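S.K.: Chains as they are written, first to last, in our numbering: chain A, 1 to 418; chain B, 1 to 163.
The set of hints was computed from the structure by calculation and includes no laboratory data.
Everything numeric in this text was worked out from a predicted model, so none of it was measured.
Note that the Cβ used here is the ideal one computed from N, Cα and C, for glycine as well.
A few of these clues could be false.
A few chain A residues that face chain B, going by a derived Cβ cut-off under 10 angstroms, partial list only [claimed, not checked]: (1) Val20; (2) Ala48; (3) Asn49; (4) Ala238; (5) Ile264; (6) Leu265; (7) Ile275; (8) Ile277.
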Amino acid sequence: MLILLICLIILALLGLPLFVALGAGGLYASVQSDLDPVVLIIELYRLANQPNLISIPLFTLAGMTMAAGGGPKRLIKLFDALLGWMPGGLAMAAIVSCAFFTAFTGASGVTIIALGGLLYPMFMQANYSEKFSLGLLTSSGSLGLLFPPSLAILLYGIVSGTSIDELFLAGIIPGLILLVLLSLYSYKSALKWHQPADDFSWGKLAQASRETIWDIFLPILVIIGIFGGFVTVTEAAAVTAAYALFIETVVYKEIKLSSDLPEILIDTCKLVGSILIILGVAMGLTNLLIDTQLPSKLLSLVESHITSQLEFLLLLNLFLLVIGAMMDIFSAIVVVVPLIMPLALRYQIDPVHLGIIFLANLEIGYMTPPVGINLFIASQRFGKSILTLFQSAMPFLGIMLLWLLMVSYIPALTLWWK
Amino acid sequence: MISDFFYRTRLTLIQLEKFLGAISLITLLGIALLQVILRNIFELGFSDMDVVARHLVLFVTFMGAALASEGNRHIKIDCISSAIKQSYRDKLRRPLISISSLVCGIFFWYSLQFWLDEYQYAPDNEQLALYMALILPAGFFVLSLHFFLIVVSPESIPDEQAG
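Make a model of the complete structure from these sequences and hints.
M.R.: What follows is the structure, given as structure tokens:
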């Protein structure tokens with residue numbers, strides 16, 4: 001039986017779909033525990049009792065609708081009008097646009113595909129260095145991961161049982177700090193190249209604002225709706241999806257209901273399906289692992305070597321960075337969170353703070369080899385090698401690591417509202 | 001001739017998955033919106049609508065997962081495969097998809113057992129959830145069948161049809 005388990009791990013590393021590997025692992029674990037594998041289905045069916053789960057397909061639909069419409073182009077135009085006059089302004093506009101867009105599309109690669117293709121020629125035209133442009137665009141594909149209504153936060157909240165509202169609130173300041181740090185770096189880099197800056201124009205800003213007013217209202221709707229206590233997360237998701245469909249079909253007329261909508265719905269189904277099937281199948285396996293006392297054994301092991309919260313956080317960061325470099329963010333949330341949650345609680349780390357640390361690490365993992373998905377998508381999008389892109393992204397990676405330390409060791413940044 | 005039959009079956013299955021996935025998602029949006037309006041404006045709520053909405057997420061999940069099988073778009077930890085040659089990866093593809101079909105087939109069997117148990121003991125007020133739960137065996141059957149059809153008719157489907 002051990003041979004079977006080893007074979008399964010090898011197959012997973014060779015490219016077996018993760019949900020199949022987890023499902024087979026669950027079957028194996030249930031047989032080992034003398035349990036009827038029907039328990040796996042019972043656990044999977046618990047998904048249908050998670051009211052917040054409805055928000056995942058609906059927020060994803062909103063993001064996909066914006067991506068298929070003219071959202072990316074309008075956002076770049078607005079933030080360019082707002083920030084483009086400063087040295088490094090175009091880079092700052094790219095950072096803010098990507099963060100805005102990723103919050104809605106869930107860092108699924110859509111940002112690099114939708115915005116990267118528009119921004120790269122703009123960077124080249126504005127005489128930015130190729131290395132800087134590639135590095136920025138590769139890193140920016142996961143920048144909005146901590147902003148509401150991030151898909152990763154929703155999934156973390158569902159898997160860990162932590163309040164999604166609190167996670168949304170906790171992610172805002174760390175997310176903003178990262179944007180500021182990257183913007184400062186862009187400003188400094190642009191000064192070094194004597195980057196020609198456009199003049200600020202009220203007229204240009206007013207025109208861009210008029211064009212994007214409906215888009216800008218979208219995150220305001222989510223933030224005020226949820227934090228103001230007017231709607232639940234699920235209700236906010238429904239309203240957001242309907243609003244995105246409304247503005248793209250009726251206001252901007254970028255999407256045709258008859259020809260474009262079916263494709264958007266299908267793309268949303270594929271993205272949601274490939275994530276939630278992992279969650280469903282993994283629920284059975286993780287519960288079996290909990291039944292076999294694996295987290296308790298892990299806790300005893302860690303306790304015998306780690307004595308302080310500081311040491312634990314350091315180890316946690318190293319572990320999660322490795323996980324982030326090996327696994328996709330959604331699979332990592334589903335598989336790793338149930339195992340590390342008891343450990344973090346033992347070291348008195350707030351579950352909300354843990355969530356932000358977890359996602360911050362995985363955000364960095366997006367641009368780290370061997371499987372950092374941003375590297376692969378950017379490689380396809382810009383026709384550059386993974387190595388070139390990784391080298392280009394190194395300064396940004398350094399800044400993000402510094403930011404990670406801040407987020408990990410200054411809990412007030414995430415828990416200021418408590 | 002047989003491979004042509006499998007190919008056409010695969011195309012039909014893709015159309016069915018697309019249809020069910022898209023319809024489920026748009027219905028989910030419709031129900032969720034209706035609930036927002038009923039709850040916030042008329043202070044009304046219908047538990048049956050909630051049951052349907054939560055099950056529709058499973059419909060979207062299974063149909064989406066089946067569609068993601070086309071073009072090998074499932075999430076993977078392919079840290080070894082990304083480092084090996086394309087020719088080796090191509091050789092690995094069919095065995096990996098066969099295993100996927102087998103595992104989904106096993107899950108189909110156990111989800112059918114689960115559903116039949118539920119069918120016997122479900123109280124009257126849970127009949128709607130019971131029938132909606134048919135998506136569990138149906139979903140795993142579709143997944144298993146889809147993987148199987150990719151194994152037996154490995155020709156790639158044009159992008160516009162694969163979705």
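S.K.: With reference to the structure, classify each hint as holding or not holding.
M.R.: Hints, one by one, checked against the model:
no.	hint	verdict
1	Val20	holds (4 angstroms)
2	Ala48	holds (5 angstroms)
3	Asn49	holds (7 angstroms)
4	Ala238	holds (4 angstroms)
5	Ile264	holds (9 angstroms)
6	Leu265	holds (4 angstroms)
7	Ile275	holds (7 angstroms)
8	Ile277	holds (4 angstroms)
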